[in-house]
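> Let's have the full structure, built from the sequences with the hints guiding it.
Chains as they are written, first to last, in this note's numbering: chain A, 1 to 326; chain B, 1 to 460.
Taking lysine-lysine pairs in the DSS-like style, the calculated list, with each CA pair at most 27 Å apart, reads:
#1 A:Lys88 <-> B:Lys23
#2 B:Lys23 <-> A:Lys128
#3 B:Lys23 <-> A:Lys90
Covered by chain B, per the in silico footprint, the following chain A stretches (three or more residues, Cβ under 8 Å):
#4 64-74
#5 88-99
Not everything, but these chain A residues come out facing chain B in the computed CB check (under 10 Å):
#6 Ser52
#7 Ile53
#8 Leu54
#9 Leu79
#10 Glu81
#11 Gly84
#12 Gln142
These aren't lab readings, by the way, just hints derived from the structure by calculation. None of the values given here were measured: they were computed from a predicted structure. We put the CB at the ideal spot given by N, CA and C, even for glycine.
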Amino acid sequence: MQLALELKRVRKTFGTTVAVEGMDLAVPRGALYGVIGPNGAGKTTCIRMIMSILFPDSGELSVLGQRSALEAKDRIGYLPEERGVYRKMKVGAFLTYMAQLKGLAGEDAASRVPRLLQEVGLPGVESKRCEDLSKGMLQRVQFLGAIIHQPDLLILDEPFSGQDPVSVRVLRDQILKEHRRGATVLLSTHVMANAEEMCQHVVMIHQGRKVLDEAMSGLRRQFDPRTIHFEPLEANANPSSLSGMTGVERVESVDGTYRISLMPGTDPGVVMARLATAVAPARIELARLRLEDVFVRIVSEGEHSDAVSQALRASVTAPGPEGALA
Amino acid sequence: MKQSVRRIGLVAGREFLAAVMNKGFVIGLLLMPAIIALLVVVFPRLMNRNVPPVRGEVAVIDPTGQVATGLRAALAPDAIAARRRDSATRALQNAPEVVRDAATSTPAMDRAIGTPPQLTILERQANADLQREKQWLTEPVAADGLRHLALIVLQPDAVVAAAGSAKYGSYELFIPQNIDDRLETELYDAVRESLVAARIRTHNLNRTEVEAVMNVRRAASVTVAVGEERRTNVAFNRFLPFVFAGLLVFGIMIGGQTLLTQTVEEKSNRVIEVLLSAVSPVELMAGKILGQMAVSMLVLAVYIGIGLFALMSFAMIGLLNPLLILYLVMFFLISYLLFAAVFSAVGAAVNEMREAQSLMTPVMLVLMAPWMFATVIGREPNSTFAVALSFIPPVNTFAMMIRLGSATPPPTWQVLLTMLVGLAAACVVTWFAAKIFKVGLLMHGKPPNMSTLIRWARAA
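So, in structure tokens, the structure goes:
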């Protein structure tokens, strides 16, 4: 398996603070990886080390087969978390400049600009100054700056940060398009629902250490939530019989909807069929895996109290400045 | 390597175009010549037009009885105008012909002479009470009356020396508050002329002969160099070192200041990390320094061009050694590299312009040093002080440029050694600054002090 990215025992400190410790990571070419974790977990430091903007204190790094991203800069697209533009520069000139810095010839770069702007819903803005665009429009332009040279590796640090739902949708489509084109995509986010929807593989970082490195399919199997959401068709239905059903461990009622927890080893399909027979359902579904639950469970195991778990859950679910996926 | 050079070129090109392609730059570029033109051409005209003629009374106590009449004539407006004309003509005696012709043309001379004061002379009794006359100076005057401007008291031995003495007496001058000091000069000139005339008359001498005997015309020297001779121009020689030092500082300030503000702006608007994904910090710094260097060179080229055009227009181009322009360019490049590296490192280290001030203070002081030393070095270009300063970076390039512009330029080996020392210093400073630039670009928060910068440089 050819790797686009490989980190071995990477460590980075800032003074007495350990930002990243013992980080191992192997991203195959063509993969779509999500790096998740709460704010301050070490995601951006990892990405900056991958980009050779920061350098590790120890450990080894390989990017697109090179010992440093500096040797493969033109094949990498990067959207940093803290991103800006030259405010007085025209959009077309800015994108052309970024493409030229990435090795494209001036004419080639300029010819790609109108098509790309069209694709992200900003036709005809190339002659406008960057300062004349709204924040959402500007973020789409910044994203184009990262992909205009069709990179082999696309690294996006909190790409959905501060985006409105329309922009999030546009960006998500573009990221998936780049992935389909064959680019390896590594994106970081602290809102785990984003990674849940898009990524094939997730890496969780907590306090500078990797706490999970798993394919989404494997995660779903490994962290089966064993919970069924059930909403009766009739508002006055009496589902008291549900708690006595074989395989059901616990039933909780919230606003007319029931959360039914199953005993370990119980086949959810069998229980769902029985439920539908017992009480006419308006909605019956198996609860989706939520990365935040997985994350909280992992970091809480054996070392955190319930209060700490609650705080962790809040830190990974609260969108803060980031919008949820549309 | 090829890609790296390409990226540096792209950054430099953007920096250059961003600085040059805006109205502010064009206005700034034309502002300096416009200010000079204003000072040289318009300002004197306005000054002369707006100065109302001095009008008032001058009281004279003349115990000799031989001066007052002559003094009255010497203080007549026509006589004052004639003296001013003579003085202006003497000042221009050694100026190039074109300048002399232009300056002595009637309108130009009229402007230089201005409107002579209108003075009414009041002769007092020889035994007048001095205290009372002094009080006269402070007496209030009616709105439409003449001001009491001065009291001249001639000494009794002013025309005929006292017995047994070879020295003549002179005069005393009393004036009220707030009198233009130029009036004192006019009064001195008039008293001197009338006293000399009275003394010559008393001694029965021929004034024309005396003046002819006293007159020795100062020669306009000719500077002789290998293969050429040119007329020495003292004013030009005095002025030139300042011009060269000024151009050096000005060129550095233009590029350096823009470098500082743009780096701070790139850092504060977060475009820096986007750039760092495409170029290395060293490439970015090199590109920015080169781009702004091109801006400074453009500005210097425009100003040097204007200067050369002015010299040609006044037929003074022969006074300038063309090699000096080459030296100016070379010393500019060396000094610029050193200072630009410092400016960019400071820009990368701080979060906003306000924070840059404390770090920039020592740099600005060094840049101001040439102004402090220019007169001393220009007057004694080969003194120990001037020679020593020529080898102490970062002021060595300025010191050498001032020496080169002086009337007695330094030996070639000293010029070459200054370049070598300057280049070595520029390389060391750039190396150090690049380390700070590298670390500082992504640092936010508390502004760094000098010890933090040194720690960053060690860490990089």
